[in-house]
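J.: Sequence:
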Amino acid sequence: GESIEDEKAIYNALLDYFRQHPEKMFVLVTPPPMITIENSHLTRELTNWLCDYENGWLKDYPLNNVFVFDFYNVLTDPNNHHRVEDGEIQHIVSDNPVDLEHPNELYYYSGSDNHPTPEGNRKSTEEFVPLLNAYCHMWKQEE
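Going by my numbering, the sequence shown runs without a break in its numbering and finishes at 504.
Some hints could be false.
[Stated by the list, open to error] As a list, the in silico SDA-like pairs of lysine to any residue whose alpha-carbon atoms are at most 25 Å apart:
no., residue 1, residue 2
1, Lys484, Glu406
2, Lys420, His402
3, Lys420, Glu480
4, Lys369, Gln451
5, Lys369, Ile450
6, Lys501, Val454
7, Lys501, Asp413
8, Lys420, His476
9, Lys420, Asp377
10, Lys369, Asn426
11, Lys420, Ala370
12, Lys385, Ser364
13, Lys501, Asp456
14, Lys420, His452
15, Lys369, Pro393
16, Lys420, Ile453
17, Lys385, Asn440
18, Lys420, Trp410
19, Lys369, Tyr422
In short, the hints are calculated from the structure, not lab data. Keep in mind the model is a prediction, meaning the values are calculated, not measured.
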């Protein structure tokens, strides 16, 4: 489509369910990129909106039981990150993509296979596991 408004409405509708279950922790994992992305700028806009706790999806959400891992971002460039570094959560979208021909596409692609390569899986695992641990601690502090 031409906008992300429909997708935003779907994600916003989930918040009612999450609000009803403060005893549960929810982690939204953004979809990974594909080799060919028709509207990569819209995908980037959506994933950034989901991860922006101050101005995005969760800005008005009153509980501390919903978190996001930007799998899309982590796999689009080696300089993009969603991780914990020195005790702080970082969501970094590089202004200087390594692969200028594919700035918003899966950097770790191989042929026509839309699955991350072992290198991409390693990078995402190394970033996700500590981030999930931080999210668990943040959620537990709320109880």
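J.: Hint by hint, say whether it matches the structure.
T.: Structure-based check of each hint:
no. : hint              : verdict
1   : Lys484 <-> Glu406 : holds, 22 Å
2   : Lys420 <-> His402 : holds, 22 Å
3   : Lys420 <-> Glu480 : violated, 33 Å
4   : Lys369 <-> Gln451 : holds, 23 Å
5   : Lys369 <-> Ile450 : holds, 23 Å
6   : Lys501 <-> Val454 : violated, 28 Å
7   : Lys501 <-> Asp413 : holds, 21 Å
8   : Lys420 <-> His476 : violated, 32 Å
9   : Lys420 <-> Asp377 : holds, 14 Å
10  : Lys369 <-> Asn426 : holds, 19 Å
11  : Lys420 <-> Ala370 : holds, 15 Å
12  : Lys385 <-> Ser364 : violated, 31 Å
13  : Lys501 <-> Asp456 : violated, 35 Å
14  : Lys420 <-> His452 : holds, 16 Å
15  : Lys369 <-> Pro393 : holds, 17 Å
16  : Lys420 <-> Ile453 : holds, 19 Å
17  : Lys385 <-> Asn440 : violated, 32 Å
18  : Lys420 <-> Trp410 : holds, 10 Å
19  : Lys369 <-> Tyr422 : holds, 14 Å
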